[in-house]
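Now that you have both chains on their own, put them together as the hints suggest.
So the sequences go chain by chain: E and S.
Sequential numbering of the first sequence, starting at 1, is according to this note's numbering.
Sequential numbering of the second sequence, starting at 212, is according to this note's numbering.
Simulated from the structure, these hints should not be mistaken for laboratory data.
It cannot be assumed that every hint is accurate.
[Said to hold, decoys possible] For each label pair, taking beta carbons as the anchor points, the in silico distance ranges come out as:
no. : chain 1 : residue 1 : chain 2 : residue 2 : range
1   : S       : 462       : E       : 167       : 28 to 36 Å
2   : E       : 119       : S       : 616       : 22 to 30 Å
3   : E       : 165       : S       : 783       : 46 to 54 Å
4   : S       : 439       : E       : 69        : 34 to 42 Å
[What the hints assert, rightly or not] Okay, the calculated bits of chain S under chain E, using three or more residues with CB under 8 Å as the criterion:
no. : segment
5   : 429 to 440
6   : 835 to 848
We put the CB at the ideal spot given by N, CA and C, even for glycine.
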Amino acid sequence: MEEIRQLIAPYRKVLVAGCGTCVTVCWAGGEKEVAMLASQLRLARSAEGNEIVALEATVERQCEREMVAEIKDKVAEVDAVISLACGSGVQTMAEMFEDKPVFPGVNTTFIGMPEKEGLWVEMCGACGDCFLDRTGGVCPIVRCAKGLLNGPCGGTRKGGKCEIDPDKDCAWVLIYRRLEKQGRLDVMRKYYAPKNYRAVKRPGKVQAAKA
Amino acid sequence: METKIGIFLCNCGGAISNIDFDAAVKKLAEFPGVTCVNLISDLCLEEGKEKMTSCIREEHIEKVVVAACSPEFTEHVFAEVLEKAGLNGHLLSMANIREQCSWAHEGNVTEKAVELVKMAANRVRLLQPVEKKELPVNKEVLVVGGGFSAINAALQLSRVGLRTTLLEKETVLGGGPGSLASFYGFDSGSMISTVEGDKNIEVLTSAQMSAVEGKVGDFRVTIRKDGEEILRNYGAIVLATGYRTELVLDSGMKPGPNIVSQEQFCSMLRNPGLEREPRSIAFMFDFSDENSRFSTLATLHNALEAKEKWGSEVYVFYKSVKVDSEGVEKLYQEARECGVVFLKSEVPPRSAVENGRVKIEARDVLLGEDISLACDVLVGEELCLPVEESEDLSSLLNIRKDSRGFFQDENVHLYPVGSERKGIFFIGGCRGDLDLGRVLTDISSVVMSVHELLSSGKILAEVERVKADPQKCVACLTCIRVCPHGAIQLVRADNSKEVAGISDLACYACGICAAICPAKAIRFQGYKDEEILAQIEALGKSLNGRNVALCCQQSAYPAADLAGKLRLHYPENLRIIRVPCAGQVDVFHILKAFEKGAAAVLVMGCEDGACHHITGNTRAKERVKYCNMLLKEVKVDGRRVAMFNLSPNAPHKFVRAVNEMAKITKESGR
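Extracted from the complex, chain S is given alone in its bound form (with noise of 0.2 Å):
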């Protein structure tokens, strides 16, 4: 028996004047299946929701097209009232007449309406329910590290109620004597004795991971203690793993008894026994790294610590003094209230060593002059620089870095303590934030998103939403190697093949892997192949001379949204599709929409370095460009696909693009 489909149509309380609807519904009802079609205006405000449910179980509606507007404001209220109404919530299609047809064209747009109505018909066909489970997860926490940061995790995380194993390389807690801690007069001391003491927290020394295996919820990690291997099981992973500093010293000289780090400084400070205080000291920061907050916390704290303890003269070269994070600028002012010099210079002061003592000239900018000096001691400027093991780190936890080399990605969309992969977290140092301020709140950050995340030992998630068909799939790895979340692993299918498992809980939903199968394996609910295709299909002949936008959900939809609201006005014949990632995009697509009759077809994907999933639109381009080629093979103008990426907020942009499209397109005698 046929499926029956329940056709919705809203005319947004009149906002939506353009289209003759009773033309529409009268059109509408003609396509086979459709069992009824039913205008209701306002259908989002409760009278409308209510005619919705109560007609879905009157006339047994199975499966549901909505058109109204875009789905970016309303697609979740109605899955909701298909819920309500005892059906799958993604058995849903909705055909956006609002922002992407009647706002975004003058004049009477009704056959276009129609058109995406039907488009969203014949989508609706092919969707199957999704269901959601609860899935367990462990209630365990790995925080990495040992220093202020990991300490404070591990405390913050046991007081909220989780289990917490604190991993640190070295033999003991609490990082080196010029760390954080130390320069904000905690205790390190007592912090190490409480963790020590809490029952909730298991402090591991010496040790190390040697592999990660599994997702979220349920991390399978080996550690390396004392030459054996265990094998933990834990629910997030924290990295709190810090920095290590780097000496930058003019060429010619090298580290030594008045050539010193902060670190030996603090040292040299703390030792009773020194031989001979310096008398005179010199300093220098942020000439070669401008993120020299640590720099400036430390020389601050040393150049006062040194004129109090021994009454040294304390010279601090620098370019500029960053004072924002948290009391600095107090130390600053208290730094010059004392009798601290500060010179400002533009370039790196040169240094040499004289007689023992070294001899430093610069230029002060401020005063125009030229100084000499001759210091006991000088601290170099230190780098701030990743920790070697995060080379490591990142390889076995299949995460990126920055290009500075610290943990997490530049990209905007990744939450400041998030990872790309679901239940990886980073905190202070080793993300490269290096104030007192910003770790604290990276703590606190963290240890809410793992509590939110494990707390009731399970999580609700929608189950094979992206699935591997155990039949299909030939294990070729591609898409293990391919997804942005390390979300898919190779698991046992129930014939004891080895398939591709793609992780319900670790999964983000972008498809990336759906478009990459070279087996067509996998299988995207809501936007599998064929419901891209039916999408295209559904316009039959009447697709020559329509460009088609597959449009990103996460920019170049909502931009085509808000160009609408602008009433910024574009060419009649687009036809929009919405993904959920430009990734998703195979070629495959693009040539189906070319052999069905489509002038033109636009990619539309993120800014660069700004995809949800990181790599989707890169691989976009890069399909796209594979697609002029193919196409060029078979004599057709290669121009008429073409990528474009733009942000969420560029609606401009957006109708540029579809322009110069439409100019492409009439060169091209389409």
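Chain E extracted, bound-state conformation (with noise of 0.2 Å):
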């Protein structure tokens, strides 16, 4: 919120946007947390004596540019505006508005999976060279604290927890069940020389089969 607000210090009129799917989905972005944020915005600019006009708006996917094109009008009216969008979203508006200032209003961390309302845990790293094959289906890269291809290490705790983070289950020992109920352990028992993680030149650009 601090970041926030020092980035829009000097202006007086923001458009908050949000995207409606994926931060929707993971209440990061909606259309209620762009209520949310955008009167928190008003009630400490005028707290400083200094008002602030925040207008409010959520296209469907910020990172469409035909979505995007929506909301022109009011972008037109303000000074900057924060999206609520991952960093992909920012950067569309970006590119769509040149000449107004974009800032980002979340950070956007990981890909996940819900696992409770409200709950979001990390899946996939988006690595670009997929080892789930070899894992029966779970990520050691993001779900083990160590990303170890050749686990575990030793440190597992009792219970099957990691030892780093006692709340989370050992990504290691999620694989052993796993495989061992689909009797594949023997996968286990290969050795995995270190991953190229160069696989994505970045920037990453992925072009479908043209059809």
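Next comes the structure, spelled out in structure tokens:
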């Protein structure tokens, strides 16, 4: 919040822009978060005696130029935009409205799945060289605290928990159990050489097969 | 064209004396969009209602504000007036100028009364009609279980004309040899043959539920039988899955030929080819489990039978004998009269096997003496526990269990045999009730409830009162995961996109889903975000310095009414907004209130563990905590928002909370 406040300190009229897809699903940047942040900004500025106009808008997917175009009128009205989309959405907005500063309102951290309502767990690191075929569908790169390819490390706690964070499952225990169920424990006997983390040349780009 | 709003004020036959009604009428008439303001004495009496009806008709009023007593008492009365006058009953908004204004404060409160009416008038503009429709329900019932409770429930359901399926996981019906029915001398054989001969009852043995979808009136149940899956539809599901028992033995002791359970002892009693009759027998109960009604009944029964059949010496070790179940007092008297020895001990007796006999040592607290006995057979203490599959059933049906693992949450607002999901009921052992009287009451209650629900084949329900806008819903599943009543499922919208579908039949209209929806897609008619904000915004600049209380209509709102009735005065600057459940209050509502100038916001819900919607008050608490943090981030005193838990009969607690908040706002200079 403090960060956002400083970013928009010089402006009098801003747009809080939400995204209606992924960040809505994970409670980070949907219509409701937009309303909350806008309200918070107005409160903060009014407490300083420096009123701000905070408009609100949410588009279906901020990573799609066509959809972002729908709010161009609102963007035209303001001095700056705070985007509550992922980094991809922020950049799409910034590119569409080159003359306006577009600030990120969330810190996009990982690709995860919901464990229960309101709790997401990182599942994929988007490394570009998928290892899941060898680990029974459990990713050790993000789910093992040490990112080991040849685990477990020897520090596994009783009950299959991680030595670094006892609240988290040891990924390698999960991998063992899964492979055991599938009768594929031999996969774990193999040694895997260090992974090539340069599989994706940054910036990544994917072209689907032309159909 | 602007909507025509009619305002009706009532002075309650003079019971509201500290409001200057003439001045109020004048002020309200200036309020934009108001067609007419009428002061009618005794609005809720026949004459008053008639005047109101004719005024609505003559002036072509489209929406109505009633400023009178608490809506808790008269909302339904005035909704009926609207219906009679040809308006939808949901186009009514009430201002509580009696309990929460006139009676709650001393001196002239005209200004506050006018503000309350303005709040209601601002809300009424946004209200939309909610239609009622008859929705069809499936009239068949699924009873899960095969013991005494299940069989009798099926028989009674059949008798009231509802087709019933009896689903038993074992190969035969009847329960075990030590079951409740046998202790009460019921002939389970004849019960089973009656059930099997009943054309209205289908018996499926060796069968289990493997999946349940849908909701009340339309449960789609997948049944696995003989390796095959059958799909069936039911209007209601009744669980009568019983209980299981576990022997509690002294350390080092193991069940064996001379250390047995009640059920094994029953089998011994009924075994004509028993090698050697036990000469001395000891029983134990009520040491580890306070809820020992079943063990008490089984012990007394088996002790008497052993005396009669074998003439053995019988000793009963107990902490206390619970004789409140049907017929148990009599059994206890009989047992004493025929020579069963009762030995009261405060701690569990120590036992050990010595030379093929069981040695028991205890201290009899009545005699004040140490006792040492050697018996041929020890019938150990038994704990009554939930059956193993109750875990699966609970997740299959999406219903909670109590802290012991039995069905039905310990929430005081759930009916004894009802679950938090409409159309799912419990009977007897599976909810931890283990004596005949209670089981029979359970059966009757369930049969009555199911009959009321399904017998006509349709239910009159309000449709789309709570609805997810298919355009805005992103199918994030949040509402489905949080709905305490299992009323939401993914459905295909018209354009074939999957969205959250809220069942009109299963919904209890708590609004928890509407508050949590990250896409703000769920609209709850009567409590839409705009309607809540409209009440706050109605105060305009005068909101400054006012405290806003968002009060759950199940607890805090009636508590405030009661405070008024008892003339427990509290600061006049409080403005109460009625919400269906504290769980309907969203962080965003609170922030908005502060943005508009509120001095403090009180979120008031039911006591812990007593929310009508199970999780509403705990969610509200979390949200308030989150809100404290958000406010601190923007340098607003986080103490200015707080959660209070109280019950509807706690007016003093309500007043204390209001005063506490008033003190805080004073301190923070508001």
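Hints, one by one, checked against the model:
In this structure, residue 462 (chain S) and residue 167 (chain E) meet the distance hint of 28 to 36 Å, their C-beta atoms being roughly 34 Å apart. The beta-carbon spacing between residue 119 (chain E) and residue 616 (chain S), approximately 24 Å, falls within the hinted interval of 22 to 30 Å. For residue 165 (chain E) and residue 783 (chain S), the Cβ-Cβ distance of about 53 Å falls inside the hinted range of 46 to 54 Å, so the restraint holds. Hint check: residue 439 (chain S) to residue 69 (chain E), Cβ distance near 55 Å, so the stated range 34 to 42 Å is violated.
Counting residues of the segment 429 to 440 of chain S whose beta-carbon sits less than 8 Å from any beta-carbon of chain E gives 0, not enough to reach three: the coverage restraint is violated. For the segment 835 to 848 of chain S, the assignment as covered by chain E holds, since 6 residues bring a beta-carbon within under 8 Å of that chain's beta-carbons and 3 suffice.
In the structure shown, a violation is registered for the earlier hints numbered 4 and 5, in ascending order.
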